[in-house]
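Since each chain sits alone in its own frame, please combine them into the complex, following the hints.
Just so you know, the protein sequences line up as chains A and X, in that order.
Position 97 of the first sequence, counting from 1, maps to 97 under the numbering used here, and the rest follow consecutively.
Position 396 of the second sequence, counting from 1, maps to 1396 under the numbering used here, and the rest follow consecutively.
Note that these hints are calculated values from the structure, not bench results.
No incorrect hints appear here.
Straight-line Cα separation of at most 16 Å, EDC-like style, residue types lysine to aspartate or glutamate; simulated pairs:
id, chain 1, residue 1, chain 2, residue 2
1, X, LYS1235, A, ASP134
2, X, LYS1316, A, ASP120
3, X, LYS1283, A, ASP120
Computed list of chain X residues with no C-beta within reach of chain A, every gap over 10 Å:
id, residue
4, MET1067
5, LYS1079
6, ASN1109
7, ALA1205
8, ASP1240
9, THR1357
10, ASP1389
11, PRO1395
12, ARG1407
If you're wondering where the values come from, they're calculated on a predicted model, not measured in any experiment.
Virtual Cβ for every residue (Gly too), placed ideally from N, Cα, C.
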Amino acid sequence: MLSSAILIPAVLNGLLIGAIYALVALGLTLIYGVLHIINFAHGALLSAALFAAFFSFRLLGLDPYVAVFLLAPIFFVIGYALQRFIIGPASHGDDRNMLLVTLGIAVVVENALLYLFRADTRTIDVPYAFQTIDAGWTFLAIPRVVGFFAAFAVALALWFLMTFTDIGRAIRAVAKEKLGAQLAGIDVGHVYAVTFGLGTACVAIAACLLIPTYYVNPHVGDAFVLVAFTIVVLGGMGSVPGALIGALLVGVVESLSGLFLGESLGQIGIFLIFIVVLLVRPSGLFGARA
Amino acid sequence: MPNQKNSLSRRQVLATTALGVAAAASGSIAMPSVLRAQDVPVKLGVLHPVTGALSYSGQQGRLGATMAIEEINAGGGIKGLGKIDAVLGDAQSTPDGGTAEVEKMNSANVVCIVGGYASNICLATTQAAARYELPYVVDVGVADGIVTRGLKNTFRFGPGFGVISKTALTNLSAINDQAGKPAKTVMIVHEDSLFGSGLAKLLNAQLPQQGFEILETIPHPTPTRDFNNVVLKIKAQNPDLVIPANYYNEYVLLARTMQQQQVKTKGIYSVLGGAASSYKFVKEFPEAARYIMDCNHWFDPRNDKALALKKKVEAKDQFYTYEVYMNYSCVYLIADALERAGAADRAKLTDALASSTFSGHLMPYGPTKFVNGQNEGAAPVNTQVLDNDIKVILPATFANAKPVFPRPA
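So that you can see chain X by itself, here it is in the shape it has in the complex (with noise of 0.2 Å):
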C-alpha cells in the first residue's frame, strides 16, 4: 500500500508539473507576438548569499535590490526598455555558489548582475562574469582586488578598502584629537577571511603612522561560538580602544561577551563593524550598543528619498540595514545607465555605466564617477549609538550629531 500511495503521488506530481509546464508554454505562444516585442522584460540578476552563514546580510540585499525593481516596475519600468525581470539567485555565501549562480544567470539572459555582498564571493562572480562580458555591479564587497584587476565589467558602486581604512583613520584621529588624544593603544579583531584579514593588514599599516600602538591583532573564524579568551586577552592587555571588523553575529558576540566580562575600554571604534551600525543591535542590546562608533556605509540622513525608504522597510518589519540601501542604489544606478545606453545591451550598458554621473541615490557620497570601475565619490561615514539610536558623527556635511568620546563612565 504505502508503494501505491508514493507512485500515485509521483504520478500526480509528474502530472501536475506536465500541465504547468504545458500551461506556461501555451500561454507564451498563445500571447501576440506584438504584445510580447514590448513587453519583453530587461533581465537583471539578483545575486546574494541568501543561504550559508551570511544568509542574513544576502536576504536584507535582496529586499533592497527588489524593493528598488518593485518601484521602477511600477512606475512603468525603464524607460524605452520596460519593466525588469528580477532574475534571483543564491551564492550560499561561498565563492563556487555564486560562480554558479553566474553561469545559471548568464545562461538566462541576464543584462547584468547586481551583488554579491561578501568579498570573497564577489571576487569569484566577476571574474565569472567577465567571460561573458557581463557587466557587474557590486553591492558592498569592499575589498580592493575587485576593482584592480582591470575587469571591464565590474562596477563598484560603494567604497573599497583603501577609502575605508583611511578615513576612518583620518576620522579616528580627528575624535581623538578633539578629546585631547585620550586614546594612545588598540587592538584590533577582525574575522579571518579576505574581509577582515586585508581591512586588518591596512589598520596594521596605518595606525602607527597616525600614532597609535597595535598592542595585538586577533583573526577568528566565522562562525565563532565563544568570544571569551578574545575578551581575556583584551581585558589583560587593557588597550584604549578596540577595533572590531567582523560580520553580524560575531560582532553581536563580542561586544555581549565585553559586556559580561566587564571589559570597559575608552571606546569601541570598528571599521565596517557588523553590528555597529545595525539598528536590530541596537534595540536588542541596548547597553552593549552604546556609544560604540563605526566607519561603515550609510545612508544620507538628510535626504528625503532615504528616510521614506527607511519607513518603508520598517513597515515590513525589516531593519533599514546598509544592505538594503546599497542594493536599492545600486539597482537605480542600474537603470539610470540603461535608460541611457537605449538598449538591454551588455556592451552598450558597460559603456553607459563607466560613463554614469548618476546622483539618485540614497547615500552620502560625492558626484559619481566611475575610475577603472571604482565610484571615486563613494565614501563611508563615522556613526555613533547615541540615545538608543545611531547617528551620522562625521563628516560634518552629513552629520546629525557630536561624537561622544571617550565613552563616559
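This is chain A alone, in the form it adopts within the complex (with noise of 0.2 Å):
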C-alpha cells in the first residue's frame, strides 16, 4: 500500500509543515538559544499573532502576506516591551524567574483571548487557500509552499542579522558572556528586549503564512510549542540554521511515521530521532560544543 505514490507526497508534506515549524521554532531558538529563556509564552504569542492577523484580514481587509509586513514590526514592539517591562524586572535575571514569568504571561494571555474573543474557532477564506499546485504525485497547497519559501527567506535574514550586524554581534556576546559584553558597553538589557523583539516577529510572521490554511481559537499555539522545543534542541540551541534544518527534519519524520504508525503516534518518531540526536550530539546537529 505504501508505494511511491503516497511515500514521495508525504515527504513533500512534511517539507512543507516543518517550514510553518521552522518559523515558530526561528523564534524560539534565538530567545531560548541565545538568552537562555525558556520562553512559556511563545505559543500563547503564536495565538495572538493569529488573532491578529485574522482580525487584520476580517476588518482592515488586510491580505495575510500583506498584514505580515505591519504585523512583525508591531509583534517586534511588543516582544521588546514585555522582555524590557515586564520579564526582565520581574525576573530580577534569575532564569527560573523568567520561566515563571512566561509562563504567567502564557496564561494571562491565553485568557484574556478566550475572554475577548471567545473559544470560538475562526478561519479566513482567502481565493488563494484551495489553490495547489500539480507536482506530479500530489497537489501542494499554494499557502504552503508560500510558507517553505518564507521560512527560508526568514531564516536567511536572522543568519544576516546574527551574522554582520551590529545587534548580532551584541546578541552573540551577550548569549556568551553576559558580563563581559556589560563590560564592553554593550547594553544587555536592550540586547535582552531586541532579541525577544526578534523571536515574536517571527512568530507574527509563522502566524500570517499560517492562517491562510489553518484556524486560531485561543488555544491554538499550544499544539505547535512543543515542537518547537523540540526542534530548537534538536538543530543546536540558538542555531539559525540547525532551526531550519531540524524543522524539515522533524516534518518528514512526523509525516512519514504519521504514515507507517498512523497519525495517533506520529510524534513518536520525532522524539525518537530527538532522543538519538541527544546522545550522539548533545549539543544538537548545528549547536556549538559546551
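Quick look at the structure:
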C-alpha cells in the first residue's frame, strides 16, 4: 500500500509542514538558545499573532501576506516591551524567575484571548486557500509552498542579522558572556529586549503564513510549541540553520511516522530522533560544543 | 519606588477584597430571614469544558444551559421552589478538571449537575458525582459506558453510541439502497479518544454486516495539525464513502484538505461529525461542506420553540449548535423533575428524573423514558448540507428535505 505514490507526497508534505514549524522555532531558538529564556509564552504569543492576522483580514481587509509587514514590526515592539518592562524587571536576572514569568504571561494572554474572543474557532477564506500546484504525485497547497520559501527567507535574514550586523554581534556576545559584554559597553537589557522582540516578530510571520490554511482559537499555539522546543534542541540551541534544518527533519519524520505508525503515534518518530541526536550529539545538529 | 508602588497596590487589592467580602456578608446578614427562606435559590451545577481543546463546544453548552436558566428565572423560577442559581464550572477539557469541579459543586450544595460534553469527561464526572448521590444529567457524552455502570445518579437525555451507530447504519443502507447501491467501500477517520475510538469499533463491527467493505480505519489525535497524510491514504484507496468521527477543528481541517487535494468520493457520511451539522462550517466553507451527510444530534425542525431559540441564539451572534439546544433541553428536563420532586433534594430529584416523561424539549425524540439512566426515546437524525443550509433527511417523520446521493459531480 505504501508505494512511492504515497511516500513522495508524504515527504513533500513533511517538508512543507516542517517549514511552518521552522518559522515558530526560529523565534524560539533566538530566545531560548541565545538568551537561555525558556519562553513558555511562545505558544500564547503565536495564538495572539494568529488572532491579529485574523482581525487584520476581517476588519482591515488585509491579506495575511500583506499584513505580515504590519504585524511583524508590531509584534517586535510587543516582544521588546514584554522583555524590557515585564520579564526583565520581574525576573531579577534569575532564569527560574524568567521561566515562571513567561508561564504567567502565557496564562494571562491565553485567558485574555478567551475572554475577548471566546473559544470560537475562526478561519479566514482567502481566494488562494484551496489553490494547489500539481506536483505530479500530489497537489501542493500554494499557501504551504509560500510558507516553505518564506521560512528560508526568514532564516536567511536572521542568519545575516546575527552574523553581519552590530546588533547580531551584540546578541551573540551577550549569549556567550553577559558580564563581559556589559563591560564592553553593550546595553544588555536592550539586547535582551531586541532578541525577545525578534523572536516575537518571527511568531507574527509564522502566524500570517499559517492562517490561510489553519484556524485560530485561544489555545491553538500550544499545538506547535512542544514541537518547536524539540526542534530548537535538536538543531542546536541558538542556531538559525539548526532550527531550519531541524524543523524540516522533524516535519518529514512526523509525516513518515504518521504514515507508518498512524497519525496517533506520529510524534513518536520525532522524539525517537530527538533522543538519538541527544545521545550522539548532545549540543544538537548545528549547536556549538559546550 | 516600584516596590512601594507594588505594596500599595497589594494593600489596595486586599482592602478592596475585604470591603467586598464585608459588604457581601453584611448584605446577607441584613436580609430579612423571611425573604431569605423564600428566595433560597435552587443551586444547579453547570459543568462544561470552557477552556482547553474542547472549549468551543463547552462554551456553546454553557450558553444553552444558562439561556434556559435565565428563561426559567424570568418566568418566576421553578414552581414552588424559586429561582435557579447556576454554579458554573470549567472541566478544562480533561476528566481530572471535571472531577475537581464536581467536588467543588458538591461542597457548594448543588442539587444536580448538568453537562460534561465529552465522553471521557462524563465518565469521570458522573462517577465522582455518584459518590455524593448527586444527580447528574449528561448533556452530550455518547459513550455507552456512561450509563451502563449501574450509577443511579446518572441520566443521559440524548442518545448513546449504540443507538447512534445503529441508526446511522440503518439510514446509510436506506440511502444507499434508494440510490441503487453505488457505495460499497468505506474508510473511517476518527479521533482517538473514547468518543472516536468507541464509535469506530462499533462501525467496524456493524458496517460489514450491512454489506460495506472497510478499506481502512484511520485514528488521529486531537488536536491534529495536518491531515495531508490521511487524505493521501484516502486518495490512494479511493473509497466510495468516507466516514469521519471527530471534533469540530479536525473535521474542518479534514474536509478542507480533501477539497484541496481534490478527493472526490461518492459521499462523506459522518457519524457524530464535529462540523458536519454545524452552521458555522456551512457558512465559512460552503464548498467543502456541500452534500455532506451526518447522523448526529439535531433539533426538531418542526418545533416552534426550537426555531424561536435558534433566532435568540443567532441574535446573540452565536451559532445554533447541538450543544446549545441539548443543554437547554437538559435544564428544562431537570426543572420539570424538580417541580415534580417538590424539593431541592438529591434523592427526590433522582427519583423524579428516573420517572420522567418530560416532553417540553426541542429534540426529535420519542416519549421520554429512562431505563438505567438512558432516555430510551432519544434518537439521532440524519442531516445533509443542501443549498447552503442543513436539512433533516431522515427519519421521514422529521425530514424537511430528501437525500442527495451520490454527490453530484
